[in-house]
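**Q** Residue strings, one per chain:
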Amino acid sequence: MALRTSPEVGGMGHSIKRKEDPRFIRGRGTYVDDVQLPGMLYLDIVRSPHAHAKIIKIDTAKAMAVPGVLAGITGQDLAKYNLHWMPTLMSDTQMVLPVEKVMYQAQEVAAVLATSRYAAADGAAVVEVEYEPLPVVVDPRKALEPGAPVLRTDKKDKKDNHIWHWEWGDRTATDRAFGEAAVTVKEDIYLPRIHVASIETCGCIAHFDKVDGRLTVWMTTQAPHAIRTVFALVAGHVGLAEHKIRIVSPDIGGGFGGKVPVYPGYVIAVAASVLTGKPVKWIEDRMENLQADSFARDYHISAELAASKDGTLTALRIKTLADHGYTDAAANPSKFPAGLFHVCTGSYDLKAAHVEVDGAYTNKPPGGIAYRCSFRVTEAVHTIERMVDLMAHQLGVDPAEFRMKNFVKPEQFPYKSALGWEYDSGNYAGALKKAMDTIGYADLRREQAEKRKRGALMGIGISSFTEIVGAGPSKHFDILGIKMFDSCEIRIHPTGKAIARFGTKSQGQGHETTYAQILAEELGIPAADIQIEEGDTDTAPYGLGTYASRSTPVAGAAAAVAARKVRDKARKIAAHLLEAAEDDLVWEPGKFSVKGTPNKSKTIQDIAFAAYTNHPQGMEAGLEAVSYYDPPNLTYPFGSYICVVDVDSGTGEAKVRRFVAIDDCGNIINPMIVQGQVHGGLTMGLAPALFEEISYDEIGNIRGGSFIDYLLPTAVETPKWETGHTVTPSPHHPLGAKGVGESATVGAPAAIANAVVDALWHLGVRHIDIPITPAKVWKLLREKGVTE
Amino acid sequence: MLVKLSINGEKHEADVEPRLLLVHMIREVLRLTGTHIGCDTTHCGACTILMDGRPVKSCTMFAVQAQGKQLMTVEGLEQGGKLHPLQEGFMAEHGLQCGYCTPGMLMTSYAFLKKHPSPTEDDIRWAISGNLCRCTGYVNIVKSVQYAAAKISQGGS
Numbered sequence: 001m002a003l004r005t006s007p008e009v010g011g012m013g014h015s016i017k018r019k020e021d022p023r024f025i026r027g028r029g030t031y032v033d034d035v036q037l038p039g040m041l042y043l044d045i046v047r048s049p050h051a052h053a054k055i056i057k058i059d060t061a062k063a064m065a066v067p068g069v070l071a072g073i074t075g076q077d078l079a080k081y082n083l084h085w086m087p088t089l090m091s092d093t094q095m096v097l098p099v100e101k102v103m104y105q106a107q108e109v110a111a112v113l114a115t116s117r118y119a120a121a122d123g124a125a126v127v128e129v130e131y132e133p134l135p136v137v138v139d140p141r142k143a144l145e146p147g148a149p150v151l152r153t154d155k156k157d158k159k160d161n162h163i164w165h166w167e168w169g170d171r172t173a174t175d176r177a178f179g180e181a182a183v184t185v186k187e188d189i190y191l192p193r194i195h196v197a198s199i200e201t202c203g204c205i206a207h208f209d210k211v212d213g214r215l216t217v218w219m220t221t222q223a224p225h226a227i228r229t230v231f232a233l234v235a236g237h238v239g240l241a242e243h244k245i246r247i248v249s250p251d252i253g254g255g256f257g258g259k260v261p262v263y264p265g266y267v268i269a270v271a272a273s274v275l276t277g278k279p280v281k282w283i284e285d286r287m288e289n290l291q292a293d294s295f296a297r298d299y300h301i302s303a304e305l306a307a308s309k310d311g312t313l314t315a316l317r318i319k320t321l322a323d324h325g326y327t328d329a330a331a332n333p334s335k336f337p338a339g340l341f342h343v344c345t346g347s348y349d350l351k352a353a354h355v356e357v358d359g360a361y362t363n364k365p366p367g368g369i370a371y372r373c374s375f376r377v378t379e380a381v382h383t384i385e386r387m388v389d390l391m392a393h394q395l396g397v398d399p400a401e402f403r404m405k406n407f408v409k410p411e412q413f414p415y416k417s418a419l420g421w422e423y424d425s426g427n428y429a430g431a432l433k434k435a436m437d438t439i440g441y442a443d444l445r446r447e448q449a450e451k452r453k454r455g456a457l458m459g460i461g462i463s464s465f466t467e468i469v470g471a472g473p474s475k476h477f478d479i480l481g482i483k484m485f486d487s488c489e490i491r492i493h494p495t496g497k498a499i500a501r502f503g504t505k506s507q508g509q510g511h512e513t514t515y516a517q518i519l520a521e522e523l524g525i526p527a528a529d530i531q532i533e534e535g536d537t538d539t540a541p542y543g544l545g546t547y548a549s550r551s552t553p554v555a556g557a558a559a560a561v562a563a564r565k566v567r568d569k570a571r572k573i574a575a576h577l578l579e580a581a582e583d584d585l586v587w588e589p590g591k592f593s594v595k596g597t598p599n600k601s602k603t604i605q606d607i608a609f610a611a612y613t614n615h616p617q618g619m620e621a622g623l624e625a626v627s628y629y630d631p632p633n634l635t636y637p638f639g640s641y642i643c644v645v646d647v648d649s650g651t652g653e654a655k656v657r658r659f660v661a662i663d664d665c666g667n668i669i670n671p672m673i674v675q676g677q678v679h680g681g682l683t684m685g686l687a688p689a690l691f692e693e694i695s696y697d698e699i700g701n702i703r704g705g706s707f708i709d710y711l712l713p714t715a716v717e718t719p720k721w722e723t724g725h726t727v728t729p730s731p732h733h734p735l736g737a738k739g740v741g742e743s744a745t746v747g748a749p750a751a752i753a754n755a756v757v758d759a760l761w762h763l764g765v766r767h768i769d770i771p772i773t774p775a776k777v778w779k780l781l782r783e784k785g786v787t788e
Numbered sequence: 001m002l003v004k005l006s007i008n009g010e011k012h013e014a015d016v017e018p019r020l021l022l023v024h025m026i027r028e029v030l031r032l033t034g035t036h037i038g039c040d041t042t043h044c045g046a047c048t049i050l051m052d053g054r055p056v057k058s059c060t061m062f063a064v065q066a067q068g069k070q071l072m073t074v075e076g077l078e079q080g081g082k083l084h085p086l087q088e089g090f091m092a093e094h095g096l097q098c099g100y101c102t103p104g105m106l107m108t109s110y111a112f113l114k115k116h117p118s119p120t121e122d123d124i125r126w127a128i129s130g131n132l133c134r135c136t137g138y139v140n141i142v143k144s145v146q147y148a149a150a151k152i153s154q155g156g157s
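Here the protein sequences line up with chains A and B, keeping their order. Per the numbering used here, the first sequence starts with residue 1, numbered consecutively. Per the numbering used here, the second sequence starts with residue 1, numbered consecutively.
Do not take every clue at face value.
As the list claims (entries may be wrong) - Okay, the calculated bits of chain B under chain A, using three or more residues with CB under 8 Å as the criterion: (1) 36-42; (2) 47-61; (3) 70-77; (4) 83-93; (5) 96-103; (6) 124-130; (7) 135-147.
Hint data in this document are derived by calculation from the structure and do not stem from the laboratory. We treat Cβ as the ideally placed atom computed from N, Cα and C, and that holds for glycine.
Please take these sequences and the hints and turn them into a complete structure.
**A** This is the structure we're talking about:
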């Protein structure tokens with residue numbers, strides 16, 4: 001995209017430095033735990049050591065004897081206000097504090113309110129809880145077996161642990177295609193439970209002012225407006241009406257999906273503040289964060305792929321078992337219990353596909369949120385990219401060549417997938433070719449062949465993913481009935497400077513910079529002259545928040561549309577000032593001039609001043625606009641990643657030697673920020689591919705509940721990412737942009753897994769579930785007789 | 001228990017519980033909130049500060065252990081209205097996103113560059129491996145430290 005503004009204006013395409021950085025590099029950000037209010041109380045939470053147990057008795061007497069402790073709070077206390085249960089985003093129910101039994105290890109059991117952080121922790125440590133352990137169900141397959149203990153005894157008619165069945169696609173056509181296929185491959189793929197582990201944990205300060213009946217909550221949330229409405233719906237019966245609730249989302253230390261849900265701690269803090277009339281702070285520690293906050297993934301996938309004799313892919317069939325823990329608290333659009341998993345035909349022109357997903361209850365924490373990913377898209381991409389690779393290897397065709405043959409072609413866009421999505425645009429072969437050229441694919445294959453002769457294990461893996469982001473069009477996308485639009489409100493001040501507010505909330509993405517650039521592009525006002533604000537529900541227009549890469553596709557579009565409304569009014573004012581007809585005016589970023597007489601012009605700053613001092617008769621004063629943007633379609637960013645790994649045949653360690661990522665997110669707002677997003681996304685693709693997993697033993701004890709054994713990659717394990725891009729603008733987005741924050745997280749794991757399997761294929765290895773740890777690979781190597 | 005210490009060149013004293021963690025003293029008693037808490041097990045490094053010039057993780061030290069020590073936090077990097085080359089570097093090279101790990105990264109890098117003024121990329125990666133970042137993928141953090149090293153060697157600070 002050609003630059004339309006000068007670097008001083010800093011519109012789209014300029015790598016301007018971030019406006020948020022000056023406060024962060026000085027330690028002057030304001031995160032939730034930095035907020036300290038006079039008279040503030042502290043909340044600490046007692047958690048269950050059992051994965052499934054009946055609560056016989058909770059005794060807070062010893063806690064009350066601790067100096068500084070003011071109250072012990074139990075489920076019985078909340079039950080008086082009917083606040084001991086709350087609804088989940090998926091219309092299931094979740095305990096705030098239990099009355100009868102606990103359902104997972106680390107579940108909230110009681111809370112202690114005290115005058116200091118330390119007193120609250122002291123109190124929580126001596127709350128006495130008597131449990132009667134119950135049979136534990138950890139494996140979702142066992143949960144669905146006849147005779148399995150029914151976990152949700154709170155649901156009167158529930159006779160099993162099955163939550164829902166969901167299917168999509170044409171079963172008959174798919175079965176027929178499999179019947180006619182010359183070649184089929186089948187694989188069981190498990191995408192384990194993982195955790196976003198943003199470096200800032202979750203927390204809040206709830207402050208209920210008893211005099212004016214207003215509740216203010218500073219909280220770690222990616223979706224402040226939705227939270228306000230949820231609070232009003234859940235606590236309306238105790239007098240919290242929506243106009244009396246203000247949610248403030250201050251600086252957020254990483255979100256990645258983990259700060260979308262409403263956790264019990266927030267609700268207990270709110271209840272405690274409403275009862276005491278004092279500010280109440282609750283900040284979880286890292287172990288609470290990893291053990292009790294929403295997890296991601298936990299999909300047991302069984303996939304089959306069919307092809308004709310000449311290697312043309314024909315059909316995909318998937319059955320999946322989704323482990324949701326004890327409640328379905330996933331953060332998906334309401335109509336999609338398995339998220340957008342049905343984008344699983346990926347970048348390939350398949351004629352038929354059918355997907356089935358079944359949800360199951362187990363004795364694990366609730367969740368099913370994203371891990372820096374649009375609603376289950378990583379699950380979809382990992383499946384199709386593993387299966388395509390498997391098919392290519394099975395047919396003895398180079399995986400790059402095989403992909404090129406089966407890609408949806410550029411001329412097929414807009415492309416209707418076999419599962420009903422309308423892909424807006426794409427050039428998949430272009431991205432793969434660029435990735436191959438950048439990494440030197442042919443040379444690498446020669447090197448691999450040569451090394452293999454010597455017994456060295458080297459693999460090359462490809463992932464040519466298609467994302468689906470920017471939820472979403474109101475016809476299909478809502479959360480608890482609220483349509484998934486997003487918003488921008490712009491006010492231009494008399495001196496030509498501006499403020500714009502949004503319904504989204506940055507957690508590190510750099511919205512203060514990129515939104516200003518969009519407005520600079522559309523209005524010609526320098527980005528430096530535009531203040532961007534988000535996260536305060538008292539001032540920002542209503543929006544659904546930042547997750548699923550929706551900020552640029554939805555709120556970014558709202559910014560462009562609102563700016564164009566401003567420009568429409570500016571044109572009228574310019575015509576008045578220049579005594580010209582509106583149609584005779586020509587716009588270039590920053591000014592209107594009269595057609596044919598370019599020196600007769602008015603800048604946007606002149607016009608802004610006139611909007612308050614010299615506006616035309618009959619026109620209202622001021623220069624402002626608001627847009628609630630309802631996207632006509634989702635956007636479909638894509639890319640091709642190629643990874644080279646060397647596997648140590650002695651230790652089983654797979655080391656990423658090179659990784660080339662070619663992304664296409666349409667038109668780019670700020671290249672520096674896009675590259676940063678891709679770097680971060682790739683690292684959160686590497687992490688679950690090689691290191692991260694939260695698993696449980698047979699009685700539901702969590703393994704991976706602290707940074708001691710939940711392994712985030714450090715700078716040493718993280719390779720030096722090589723990035724690049726192609727540009728295929730979205731045809732329906734006002735700026736041709738698509739969103740990029742999650743592409744790399746979605747695309748990278750398959751490239752790494754494919755590379756490791758590629759390194760071991762000749763030994764008979766067909767699949768390895770992520771995380772591909774040295775122990776797993778070493779075991780395989782030993783089985784194959786490569787190592788002792 | 002009375003703790004006397006110096007932080008960013010200013011003398012402070014406070015009567016604290018012997019078990020008060022140093023990070024809580026810095027953040028909640030002295031109200032310097034640039035130092036963050038990201039884990040409780042000394043893994044993430046968000047709480048890294050300098051104690052007599054050495055980087056320490058202030059979430060696993062008691063305030064009383066800082067008795068008589070010279071501390072430096074992120075708030076002490078800027079001198080006389082002039083940013084430290086590391087601060088400039090992190091901004092110039094897009095070495096931060098959410099900003100939460102940044103103060104710890106800056107302090108670790110500060111101590112590292114004092115000892116190793118001309119590091120290799122591998123040296124830098126090892127030096128910051130006790131500080132976790134979830135946003136940036138480290139590539140630009142390494143560049144930020146290289147930027148500062150170059151600037152300091154040219155007499156930038």
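**Q** Are the hints correct? Go through all of them and say.
**A** Comparing the hints with the structure gives:
1. 36-42: holds (count 6)
2. 47-61: violated (count 0)
3. 70-77: n = 4 at 8 Å, threshold three: holds.
4. 83-93: With 5 residues close enough to chain A, the hint holds.
5. 96-103: holds (count 8)
6. 124-130: holds (count 6)
7. 135-147: holds (count 8)
Hint 2 alone, counting from the list given before, is not met by this structure.
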